[in-house]
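Assemble the whole structure, with the sequences as input and the hints as a guide.
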Amino acid sequence: MKRQRLKVVVIGAGSASFGLSTLSDVFQSPLMKSAELVLCDIDEAKLQSMTELAHRLNEASGWGLNITSTTDYRKGLAGADFVITSLEKRRMASWKLDWEIPQKFGIKQVLGENGGPGGMFHAFRTIPLLLGIAKAMEEKCPNAWLINFSNPLHCNMLAIYRHTRIKAIGLCHGLRGTLDQIADVIGVPYEALSAIAGGFNHFTWITELRFKENRKDAYPLLRERLGSLSRPPQPLSFLLFQKFGLYPSPGDNHIGEYLPNSLVEECYPWETTRDTFWRFNFEGEEKGRKNLHSLISRIVKGEERTDLLLQHRSGERAIDIIEAIVEDKKELEIAVNIPNKGYIENLPDGIVEVPAVVGKDGPEGVKIGKLPIAIASLCHRQMDIQELVVESAVKGSREIAIQALLIDPVIPDSRTAEQVFDALFEVHRDLLPTFG
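According to numbering that gives the first Met the number 0, the residues represented by the sequence shown are 0 to 435, in order.
Think of the hints as simulated: they come from the structure by calculation, not from any bench.
A hint or two may mislead.
[Unchecked claim] DSS-like, lysine-lysine: derived pairs with alpha carbons at most 25 Å apart:
1. LYS328 <-> LYS359
2. LYS134 <-> LYS74
3. LYS329 <-> LYS340
Now the structure itself:
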């Protein structure tokens with residue numbers, strides 16, 4: 000994989016959070032010295048700002064990168080070694096509609112980002128974008144790795160593997176966040192714990208939790224500490240832990256997307272938590288984005304120190320994985336999204352999230368064996384839904400989409416499935432090219 004000049008293409012670089020974290024990691028990686036970095040985004044103003052930031056960081060770090068930018072990613076792909084993606088059109092406005100419209104038909108869905116009818120239409124919007132990138136990679140850089148962060152991660156990754164020949168890895172920091180919370184409950188540093196978890200993205204289950212120092216099982220202490228709290232930090236996760244014997248990840252709102260409303264409402268009654276749990280904090284997200292863009296602007300203008308972004312890595316792991324592949328490190332990543340090649344024996348061959356050892360040939364998943372039957376059943380149904388969603392997105396098929404909705408736990412009947420599909424289709428029509 001090594002070459003004279005490594006080439007990395009970042010698509011969606013204008014994003015305040017994704018672009019910022021990626022640049023921060025790039026300029027802390029010795030591997031990236033003298034590399035070629037191509038930044039891509041359709042928003043010219045945000046792309047220009049991020050490109051200026053990249054030049055400032057390049058000067059501050061002394062990394063000597065060759066930095067270019069373009070609003071047409073196809074112009075930057077030729078000869079790329081790695082392509083990193085996090086992208087979507089009209090993300091927040093569309094997501095808000097995904098959450099609000101189903102309620103008109105009596106449908107309650109947590110977040111509406113990755114599961115339920117909201118997650119379906121989210122996938123319908125992102126799958127064509129990512130397949131366009133992957134197919135362009137087949138032509139311009141067929142041996143490159145695609146590292147994707149775009150949600151719904153499971154559907155997007157499944158589409159890439161079902162319909163292109165590109166090597167791809169899906170990444171999410173959710174498990175790390177869960178382990179942070181668990182460490183806090185137990186009263187140890189994050190670094191003191193090791194875990195093995197498997198399932199699919201935003202619905203993984205910790206099959207093994209140990210203290211690194213002595214390899215002792217940490218589950219009994221976690222159960223004891225959570226049981227002593229008047230209200231655990233993640234009550235739905237604790238409920239599932241009590242009933243199924245394994246702790247889920249990455250938190251109540253994400254796992255709630257894949258569960259029946261009746262189970263979620265045991266911990267989060269709709270009437271009192273509709274706008275604080277079930278609904279994403281769109282206003283807070285917008286405020287946070289403005290703050291990040293303000294930081295970028297201040298650094299570009301020289302009003303803020305560049306070393307603020309060079310003190311520690313972001314934790315998003317894309318650059319770490321690039322290092323592991325190029326340098327054949329054989330490093331363990333605790334969570335990657337890749338095809339299930341027997342890593343979880345009682346789940347189908349779709350996309351699973353598992354630990355993997357990453358070297359020159361990419362990630363080799365760690366074999367977890369079988370999940371408990373009840374947990375595997377919950378996962379299996381959702382993975383079947385994902386297959387239907389991807390097929391529907393690629394074919395532009397309303398019929399297949401209705402089938403996916405009818406086996407989703409938040410849909411009560413066929414009439415409601417058709418009504419919510421048609422309503423969401425109407426507002427997102429211009430972002431759904433495969434449906435005509």
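### Query
Among all the numbered hints in the text so far, which are the ones the structure does not match?
Violated: none.
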